[in-house]
Amino acid sequence: MDLLPLYVSAKLAVITTSLLILISAPLAYLLVYGKWPGKFLFEALVNLPIALPPTVIGFYLLYLLGPQGYVGAIWREVFGGTLLFTFSGIVIATAVYNLPFSVQPIKATFEKIDPRLRENAYVLGLSPVATFFRVMIPNSINGIAAAAILVFLHSLGAFGVVLMVGGSISGETRVASIAIYEAVETMNYSEAWLLSLAFLPVSYFLLLLVNRLTRH
Amino acid sequence: MKRILSKVFGSILVALFLSCPWSSDASEDLKAAVAANFMAPFKEITAAFEAETKVKVEATFSSTGNLYAQIINGAPYDVFLAADEERPKILFRKGLSGEPFVYATGRVVLWGMGKNVCGRANWKDALSAEDIRKVALANPETAPYGAAAQQVLKQVDLWRKLEGRVVTAQTVGQAFQYALTGGVDVSFCALSSALTPQGKKGCYYVVEEAPPIRQAACLLKHSARQKEAQDFLRFLSSPKAETIKKTYGYH
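Order-wise, the sequence lines are chains A and B. Letter by letter, the first sequence follows residues 0 to 215 in numbering that gives the first Met the number 0. Letter by letter, the second sequence follows residues 0 to 250 in numbering that gives the first Met the number 0.
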């Protein structure tokens, strides 16, 4: 039995989650406290992946990441090679698809923080950036961890977007959910059973953890 | 809790990064884009090739049209085994591949396992049985076997009669799976599927009206492993490979 898809999925989930938390925490901060025109337009844009079908996102990404697309062209200039059908490509696709799922919970935690805490930090002379790192982040670590776990679970099971942007290349873009789909398609039921079984305890345990983290 | 969390995540991260660099061993293998109908013989042929040369071949099985679109968009395959001659020819004309050659010729069959299907005179007879509710077909746009089946159905004027009952599968392999799992009563698939152990659970009729499907293969230009890829393509015509192809009904 081929265990490589499980590894690819785990790698995809770990890298996408780290990347997204790094992007989402400052983004959520800007969305909660920033005062700039067109903020609501930008927030809707961030949330768009929730509303769009994975195939639509996949199709746009296919175009953007392809050799003729902007992102694909820049990537080729800088790193050489294409983004489509590569591991880096599916990391980008999964990150775009999961952006709202990490920004929204972090934003919610930021909103719950007592505003006096932040005001006190200002009064005591902390800059906005220092406030972010020394007041906001330490006070919302549970919420950020919960967001990270949700994104991790989502990326672990990513299917539609990855299939469209990554195809199914062994060791590169054949993630576990695609391997399961193909195993079923080719009537390799024992492999489908085993790969599916690998998801069950991981997902269940992580959901318990999310529950615990967000209880307060 | 915080400490446990950071420990868990930290160790997962470290383990992943240490155990395998970004480009894993799998990138050393030859990567083949293979039409779904050829899956069963392909697995045997690559096993024989690996035994002889120690070169592993990793395959992606899909419809010819899907694989073709991936290749046009720069998918990193070394060789392409299509289910038609058209698409490899276009790749060759675009300068994306070496000259294509026919590696197998397959047949379209109608396959089913119900009592109402088996023991009929021919495929048209089996298809007109009263209790046939659903018929599967690979997507004619992307799968050459599906296209051939659709063309014949139009030719013999059965297409309009069936249209509302046709289930479109992504690949010819999936069309076969629909019939095997009972989702549809019969499906148009490749003779090679009907000759697998699972296929022998049912019965098949060769669709004589459909011309034999000539399948071409080619070496992709951007492949970094030209020599191994060339060796593999040559191996497709070796006596060993020919024997395997014959057992699955290719000639």
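There may be inaccurate statements among the hints.
Unchecked claim - DSS-like cross-link-like pairs, simulated, lysine-lysine; straight-line CA separation at most 30 Å:
#1 B:LYS200 <-> B:LYS123
#2 A:LYS10 <-> B:LYS42
#3 B:LYS226 <-> B:LYS53
#4 B:LYS160 <-> B:LYS55
#5 B:LYS55 <-> A:LYS10
#6 A:LYS10 <-> B:LYS53
#7 B:LYS88 <-> B:LYS245
#8 B:LYS220 <-> B:LYS160
#9 B:LYS200 <-> B:LYS88
As the list claims (entries may be wrong) - Computed far set for chain A versus chain B, every beta-carbon distance over 12 Å:
#10 LEU82
#11 LEU83
#12 ALA107
#13 TYR180
#14 SER195
Think of the hints as simulated: they come from the structure by calculation, not from any bench. Note that beta-carbon positions come from the ideal geometry of N, C-alpha and C, so glycine has one too.
Outcome of the hint check:
| no. | hint | verdict |
| --- | --- | --- |
| 1 | B:LYS200 <-> B:LYS123 | 21 Å, holds |
| 2 | A:LYS10 <-> B:LYS42 | 27 Å, holds |
| 3 | B:LYS226 <-> B:LYS53 | 14 Å, holds |
| 4 | B:LYS160 <-> B:LYS55 | 47 Å, violated |
| 5 | B:LYS55 <-> A:LYS10 | 23 Å, holds |
| 6 | A:LYS10 <-> B:LYS53 | 28 Å, holds |
| 7 | B:LYS88 <-> B:LYS245 | 25 Å, holds |
| 8 | B:LYS220 <-> B:LYS160 | 45 Å, violated |
| 9 | B:LYS200 <-> B:LYS88 | 37 Å, violated |
| 10 | LEU82 | 9 Å, violated |
| 11 | LEU83 | 5 Å, violated |
| 12 | ALA107 | 19 Å, holds |
| 13 | TYR180 | 10 Å, violated |
| 14 | SER195 | 17 Å, holds |
In this structure, the hints that do not hold are numbers 4, 8, 9, 10, 11, 13, in rising order.
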